[in-house]
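Asker: Here the protein sequences line up with chains A and B, keeping their order. With the first letter of the first sequence counted as 1, position 418 gets the number 418 in my numbering; the numbers rise by one all the way through. With the first letter of the second sequence counted as 1, position 76 gets the number 497 in my numbering; the numbers rise by one all the way through.
Careful: at least some of the hints might be erroneous.
Said to hold, decoys possible - When the alpha-carbon atoms are kept at most 25 Å apart in a straight line, the in silico BS3-like pairs for lysine-lysine are as follows:
| # | chain 1 | residue 1 | chain 2 | residue 2 |
| --- | --- | --- | --- | --- |
| 1 | B | Lys-501 | A | Lys-401 |
| 2 | B | Lys-594 | A | Lys-238 |
| 3 | A | Lys-216 | B | Lys-501 |
| 4 | A | Lys-116 | A | Lys-105 |
| 5 | B | Lys-501 | A | Lys-396 |
| 6 | A | Lys-276 | A | Lys-177 |
| 7 | A | Lys-340 | A | Lys-364 |
Claimed, not checked - Covered stretches of chain A (in silico footprint by chain B; criterion: 3 or more residues with CB under 8 Å from a CB of chain B, positions within the stretch not fixed):
| # | segment |
| --- | --- |
| 8 | 384-392 |
| 9 | 406-417 |
Note that these hints are calculated values from the structure, not bench results. Small disclaimer: the values here were computed from a predicted structure and weren't measured. By construction, the Cβ of each residue, glycine as well, lies at the ideal position given by its N, Cα and C atoms.
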Amino acid sequence: MKKLSIALLTATLALSAAHAKQITVWVIDGDSERPYFLQLQDAFNKANEKKGLTAKIVPVPSINDAIQSGFLSGKLPDVFMLDGPNMANYAWSGQLAPLDSYFSKGTLSDILPAIKDQGTYSPDGKLYAMSPYDSSVLLWGNKKYLQEAGVRIPKNLKDAWTLKEFEDALQKLSKVKGVTWPLDLKLNYTGEWLSYGFSPFLQACGADLINRKTWKATGTINSDAAVDILEHLQSWAKNKWVVPASAGDNRFYGDKTAALVWVGNWMWRAHKEGLKDDLVLIPAPKFCGNKQVSPNGGWSYAIPKVSPNKAEAGAFIDFAMSSKQVALYSDTTGYVPARKSAIRLSKLYGKGGEGAIMAEQSAKIAVVRPVHPAYPVISKSFGDAVLNILNGANIKSELDKAAKAIDQDIAANKGYPPFNK
Amino acid sequence: MQNQPKLASQTGTKTRRSSHTTQEWLDELLLIAPASILLFTFLILPFFMAGYLSFTDERLVPRPIPTEFVGLQNYIAVMKDPEFWQAFRNTAWFALLVVPFQCAISLACALLLNSELPFRSLFRSVSLLPLVTPMTVIAVIWAALYRIPDGFMNNILHLFGMEGYIDWLGDSKFAMPAIVLLSAWATFPFQMLIFLAGLQDIPMERYEAAKIDGAGPWQMFRYVTLPGLRNTNIFILIITTLQAFKLFTQVDILTHGGPLGSTNTLVRYMVQEGYTAQQVGYASAVAVVFVILVGAFAILQRVLLKNE
Chain A
1 MKKLSIALLT ATLALSAAHA KQITVWVIDG DSERPYFLQL QDAFNKANEK KGLTAKIVPV
61 PSINDAIQSG FLSGKLPDVF MLDGPNMANY AWSGQLAPLD SYFSKGTLSD ILPAIKDQGT
121 YSPDGKLYAM SPYDSSVLLW GNKKYLQEAG VRIPKNLKDA WTLKEFEDAL QKLSKVKGVT
181 WPLDLKLNYT GEWLSYGFSP FLQACGADLI NRKTWKATGT INSDAAVDIL EHLQSWAKNK
241 WVVPASAGDN RFYGDKTAAL VWVGNWMWRA HKEGLKDDLV LIPAPKFCGN KQVSPNGGWS
301 YAIPKVSPNK AEAGAFIDFA MSSKQVALYS DTTGYVPARK SAIRLSKLYG KGGEGAIMAE
361 QSAKIAVVRP VHPAYPVISK SFGDAVLNIL NGANIKSELD KAAKAIDQDI AANKGYPPFN
421 K
Chain B
422 MQNQPKLASQ TGTKTRRSSH TTQEWLDELL LIAPASILLF TFLILPFFMA GYLSFTDERL
482 VPRPIPTEFV GLQNYIAVMK DPEFWQAFRN TAWFALLVVP FQCAISLACA LLLNSELPFR
542 SLFRSVSLLP LVTPMTVIAV IWAALYRIPD GFMNNILHLF GMEGYIDWLG DSKFAMPAIV
602 LLSAWATFPF QMLIFLAGLQ DIPMERYEAA KIDGAGPWQM FRYVTLPGLR NTNIFILIIT
662 TLQAFKLFTQ VDILTHGGPL GSTNTLVRYM VQEGYTAQQV GYASAVAVVF VILVGAFAIL
722 QRVLLKNE
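Excised from the complex, chain B in its bound form:
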């Protein structure tokens, strides 16, 4: 609040502001035009198109009978479809599992890489490898790790004396946790990078002060690092949750939503309805519901975090 008058004086007085010439306006418009056009074409327009299509019975391939306005019929059908609700529950369950898990891994790795580790830069680059590997490739590699009866994961369990094998991807008890493990591994470096930046933003003086006060490593983490990362935490929590809602590639390649729909997600459900079954109108309704759900979730999260 104190800064505001200062800012105003820096940008100029009221008179100077009103002298914002037509030329300046045009220049500004010109500058924001490329971004606005892209935003409009690829974000705003498709959303409104989906909104419009969701009230019709539009199909993927053009057809000889005209597309009709069907009112709320698609929405009612979506709400009545148990598969949609199963996909919704699965997606929420995935987010619930993956968010804390992934945040913990990435924070731990960030702390490690921020310490006085030998070969620190080497580790930093190596830990980014999952991030530069396409998800499709990662999924195929992990399929081999999860393979039964002799994949890597089962071999590890055999080392600990387990007999038989676990069908990681084919057993509805294990399929989702297996996907969670893979997803957390595949995308944690992104959060780690942000944590790393956040860690380096914490002033060294605070640690020094804590040291003088006789704080141990845990106390430093608890009372210096964590409070210092507050804003980073909020950002990462929201980003990771939104990412979790978009789960698709791994599931589509590894389990195809199975077994018995236990790993089907909202995005995969939408793609199946819109593409495989060619029902674009119906899939658009799913998309709109999806956007509303995710939007509501993001807002809720923000509100809760602000109150804290």
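With the rest of the complex left out, here is chain A:
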């Protein structure tokens, strides 16, 4: 009897082993994301118990580097998370599998347009990356200082500060006792932040990082409109209104020597803990006339072309993009949910919620970063220029240099066919 049951057991085990499949998923390694991914792994494995499908979720530090070396060595998981603007480069290189077939029509129509834009590769119109969340950048303010300065605090997108009002506020705040710097632009960050955080200045004024029709940077990134608005940015630094890079991360929410900060929603928790009820969310200013722009996007799920388990990988992404999971991601991390239905569910971002402005920005004024294979070069060139401009360099010549570097890279890649058509 005993023998028989053992035999039966091994037989069933062998049978299920034949069907069992484990997919590997690389995700970003962040303190706020970790609890969410643990939950996602459990939920997915439970839901797919009968199919014998399990997912192993691995948080990978410096995941961008890991993916790049993965492409070179061919050792990649079944699903990985990539930074949204890098998608075009990888898709152009033929490294990604399209995702369209794994989502239902209902899911697709529920996803925020900007998130779809970020994941869609224009030459073939297919989706290659899908982010569970959207990020947004706005001004966070210290209510106490703003009131002392006698500055009007905008409540929604429509009554956002104009550029003049904003500069006036900076001027007044610089006189308030306790304020060393009126504005923190998070210059202690590097890399993608510089192009992500500062391209809205250009975009609101009719310029951009690159012309999105001709895919030429010269004449767009270094246009007069771009120079004009960056002159304002530079003047704030010259007036010593901006927290210098070497002053550290916590000037706004820590020792409260900064009154305003231009940064994304990932700082929500730190801000909330530091300022409590003094924290106010102020929409992106109208940098040019009536126009305002906020950046958007985020780390997205993608499937490498080399994965032998694409169907299962697709099922995993579909699961992770369900309304419930998207809402959970947002609740755990503080990002804007990527699905309209999840926004409605969310306490933070729904109507009247504390973060309603951010959700509104994501839906109305967000501009996706250029979805072009040259993005890594576009981003580096503009980022270098912004940093130098803030340090007092000549604006026009910095932007000319960036334009030249971008156009040279595109030429060196023969226009990144089929973008050259």
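The hints should help you fit chain B onto chain A, whose structure is shown.
Answerer: Positioned in the frame of chain A, the structure of chain B alone reads:
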């Protein structure tokens, strides 16, 4: 020269040498194989690969259009790039500042630790702490020391009555000296250890003889210690210079090459071009130029020191 015949007789006569059997050859080859394979895979092969790639337009991520041979185009572009020259000047400037500074600190500390100091072994271990701390950690700690307006460095200046503050890492006048100070502190124990070994190699009799001749401490240092350290000095000078050329981590973490590129170094320039901008071909050309520059520098230094 006198020793040579003796050595030959020790290792054996000519006849014995020629009887070096095939078996012995194989044994020797087997013994050097692990080291040779490692040397070849990690030093020689990558260098030749970089040399080859520098003549192509290779990219980091594989791409649908084929990689092409571009001749000297990358080298010409490197030579024409003002950022490269700025990084070159910065690196040379860093080496010029850090080498004498660091050598002086490490020699001073070595002298101190070689003297009859109480708790000498305790000090010896404590002084090695920077060496066992990763540079990334050191950089983060020093970022706090340099922080404005209230970091340690500024507080010290306030003690001396300075008003306002110095933006150590954000002011192009101070950024490089700040990096020099940090780097010298972070790596001096290595040179100190070598100096210490060198000091202990100087025969005590020379000091005793000097004492009998009535030499004071300075004269002993000048006429006994320094000449006794001649070979150590040459070694340390070359090693420190080569180390200085590799400056990367501190700068990448603390200043990101800024402000206005004033702390950008050759290695950081190479990493930025190869990794961030994904232009492997171009970065390989930078790497080859870098190796040639550093190699030339090392040879020049050797020649000059030999002539001395």
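Asker: With reference to the structure, classify each hint as holding or not holding.
Answerer: Hint-by-hint comparison with the structure:
Distance check on the hinted pair: Lys-501 (chain B) and Lys-401 (chain A) sit about 13 Å apart at the alpha-carbon level, within 25 Å; holds. Restraint check for Lys-594 (chain B) and Lys-238 (chain A): the C-alpha separation of about 17 Å stays at or below 25 Å, so the hint holds. Of the pairs offered as hints, the one joining Lys-216 (chain A) and Lys-501 (chain B) holds, with about 23 Å between alpha carbons and a cut-off of 25 Å not exceeded. At roughly 13 Å between alpha-carbon atoms, Lys-116 (chain A) and Lys-105 (chain A) fall within 25 Å of each other, so this suggested pair holds.
Distance check on the hinted pair: Lys-501 (chain B) and Lys-396 (chain A) sit about 20 Å apart at the alpha-carbon level, within 25 Å; holds. Distance hint between Lys-276 (chain A) and Lys-177 (chain A) is fulfilled; the C-alpha atoms sit about 20 Å from each other, no more than 25 Å. Restraint check: the Cα-Cα separation between Lys-340 (chain A) and Lys-364 (chain A) comes to about 13 Å, which is no more than 25 Å; the hinted pair holds. Check result for the segment 384-392 of chain A against chain B: holds, 4 residues qualifying (beta carbon to beta carbon below 8 Å, three or more required).
Restraint check on the segment 406-417 of chain A versus chain B: 5 residues with Cβ-Cβ distances below 8 Å, three needed, restraint holds.
Consistency note: the structure conflicts with none of the earlier hints.
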